Amino acid sequence: MNGDTLLDELRALGGDLDTGAVDHDALAVAVLDRLPDQRPGFADAIRRRWRALAAAATGIALVLALTPPVRAAVVDWLGIGGVTVRPGPEVSSAPAPSMQPRLTLDQAREQIGFDPIVPEPLGPPDAVDVSDDHRLLSLGWNLEAGPVRLDEFDEPHFVKSVTDTPERIDLSGGATALWFADPHGLLTVDVDGRERPDARPAGPTLVWEVDGVTLRLEGIDRDSAVDIASETAAGTR
Amino acid sequence: MRAGDREAYAVLVRRYGAQAHRAARLFGADADAEDVVQLAFVKAYQALPRFRDGAAFRPWLLRIVANEARNAARAARRRDAATQRLAALDHTRPSGDPATNTLSTERRAALVAALRELPDAQQRVVVCRYLLDLDEAETAAVLGWRRGTVKSRLHRALAALRSRLSDVEPAVREADHER
Numbered sequence: 001m002n003g004d005t006l007l008d009e010l011r012a013l014g015g016d017l018d019t020g021a022v023d024h025d026a027l028a029v030a031v032l033d034r035l036p037d038q039r040p041g042f043a044d045a046i047r048r049r050w051r052a053l054a055a056a057a058t059g060i061a062l063v064l065a066l067t068p069p070v071r072a073a074v075v076d077w078l079g080i081g082g083v084t085v086r087p088g089p090e091v092s093s094a095p096a097p098s099m100q101p102r103l104t105l106d107q108a109r110e111q112i113g114f115d116p117i118v119p120e121p122l123g124p125p126d127a128v129d130v131s132d133d134h135r136l137l138s139l140g141w142n143l144e145a146g147p148v149r150l151d152e153f154d155e156p157h158f159v160k161s162v163t164d165t166p167e168r169i170d171l172s173g174g175a176t177a178l179w180f181a182d183p184h185g186l187l188t189v190d191v192d193g194r195e196r197p198d199a200r201p202a203g204p205t206l207v208w209e210v211d212g213v214t215l216r217l218e219g220i221d222r223d224s225a226v227d228i229a230s231e232t233a234a235g236t237r
Numbered sequence: 238m239r240a241g242d243r244e245a246y247a248v249l250v251r252r253y254g255a256q257a258h259r260a261a262r263l264f265g266a267d268a269d270a271e272d273v274v275q276l277a278f279v280k281a282y283q284a285l286p287r288f289r290d291g292a293a294f295r296p297w298l299l300r301i302v303a304n305e306a307r308n309a310a311r312a313a314r315r316r317d318a319a320t321q322r323l324a325a326l327d328h329t330r331p332s333g334d335p336a337t338n339t340l341s342t343e344r345r346a347a348l349v350a351a352l353r354e355l356p357d358a359q360q361r362v363v364v365c366r367y368l369l370d371l372d373e374a375e376t377a378a379v380l381g382w383r384r385g386t387v388k389s390r391l392h393r394a395l396a397a398l399r400s401r402l403s404d405v406e407p408a409v410r411e412a413d414h415e416r
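Protein chains in written order, with the numbering used here: chain Y, 1 to 237; chain Z, 238 to 416.
Since the hints were derived computationally from the structure, they do not count as laboratory data. Be aware that one or more of the hints could be misleading.
To be verified - What follows is a list of derived Cβ distance ranges for each label pair: (1) A234(Y) - E373(Z): 15 to 23 Å; (2) A181(Y) - S341(Z): 54 to 62 Å; (3) H328(Z) - D227(Y): 47 to 55 Å; (4) S341(Z) - P124(Y): 19 to 27 Å; (5) R353(Z) - P121(Y): 40 to 48 Å; (6) E373(Z) - S98(Y): 38 to 46 Å; (7) D33(Y) - A319(Z): 12 to 20 Å.
This structure is a prediction, so every number in the text was calculated from the model and none was measured. Ideal Cβ placement from N, Cα and C applies to all residues, glycine included.
Chain Y extracted, bound-state conformation (with noise of 0.2 Å):
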C-alpha cells in the first residue's frame, strides 16, 4: 500500500477523535480558581509570556526549545524521569546489591525497548541483566572501592523515599540531574504503577535522564557520578 495514505489515515484518525467541545471560558475559571497565590517573580514571567504570545499572535515563530529551566521544573514535579521521589524514614546505608553477570549487551538490548547506554569512564560492564518483565536494564562493574550499579529504564520503575530533598545539580549539555547523598529507601512500581513490596535501602546514588531513558548511579561518590552523568548526558540537545 502507498506510505503515504497510511499517513493520511493517521492524521484523519487524529481528526476524528471527539473529544465533546472545550469550554474554554469554564476551563480559564476553573484553572484560575486552582492557580495558587503569587510567588515572587512571577508577574515579570507572565509578562514575558505576554509579549512572547503577542508576538506569536503577529506571526514571529517562537523558537522550539524544551529549556534547562523547563527540565529542572519537570523535576520538581515529578521526581525525575521514572523516578518519583517523596519523603520517607530514615535508613541505614548499604552498598549497591552486586551482580552476577546474565546476559550480554547484545542480548539485554534484544530484551528491552531503548538502547543501552554504557557510560566511557565505567568501561564494559562485569555483569548486565535485564528485569523478568524486561523494563528495568541493569549493568554492574566490580570496583576495587565496592559494586556499582547502573539502572536504566524508559517509565516510571522506582520511587524512592527520602528524609532529605535532593540535591539539583545542573550537567553539563544542560540536563538535570538528583543527588540523593543520604541512604533512603528504594521501590519499584509495575507497569501500572503499582508499588511492589520490594523495598530496599539504596546509598547515594545520582539519577539523570538521557533521551527519555532514566538512569540511576549507585555506588560512586557525588563528583565521579557527575562527570559520567555529563558525559552521557552530552550531545542530548
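Add chain Z to chain Y, keeping to what the hints say.
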C-alpha cells in the same frame, strides 16, 4: 496576584485549552481528562518563572499534559485492569462532511487495533506526530527525546503499522489524493 497577570494567563488557557484536552485524551486520560488539563495548566503556571523567554509554550505545556495524563491512565488501570489503551480512539466519529470523510468504519477499527498493539514508546510518537499533528521538533520536546530518537522510533512504528495493516484494504478514497 495582580489582576492583569491572571487575565494574561486566562488568554493562554483559552488559546491552548482545546489542544491540551485532545492531548490529554490521546495520552490516556479518559474520564479524568478535564482534571488533567486543569492540573497541567496550574503546574505550568507555577513553573512559569523558570520558563525561558523565547521558548515555545505549546510543546512545553503538552509535555506537562502528557505526563499528567499518563499518571491518570496508570491510576485508572490500577482501579480497573480492563481499562483500554488509547480508549479515546473508541470515541472517534466521522467528520460531518462526507466528502472529507476518508476512513471507513472497518478501516478505522483496524488502524486503532494496530495502534494499540504498538509498544508504548512507538505509540506515543505516532500520537504526537500524526494524531496531534505536531512537527518533529515539537514531538521531541513533548516526549523529551532526541530528534534522532523520534525519527527512528517513528520509522519502526510506521513499519509495524504497515505490516499489521497489509492485509486490510486501504479505504482512503482515491479522489482524495492529488496524485
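To see whether the hints hold, each was checked on the structure:
no. : hint                          : in the structure
1   : A234(Y) - E373(Z): 15 to 23 Å : holds, 22 Å
2   : A181(Y) - S341(Z): 54 to 62 Å : holds, 60 Å
3   : H328(Z) - D227(Y): 47 to 55 Å : holds, 50 Å
4   : S341(Z) - P124(Y): 19 to 27 Å : violated, 53 Å
5   : R353(Z) - P121(Y): 40 to 48 Å : holds, 41 Å
6   : E373(Z) - S98(Y): 38 to 46 Å  : holds, 42 Å
7   : D33(Y) - A319(Z): 12 to 20 Å  : violated, 34 Å
The structure shown violates the earlier hints numbered 4, 7.
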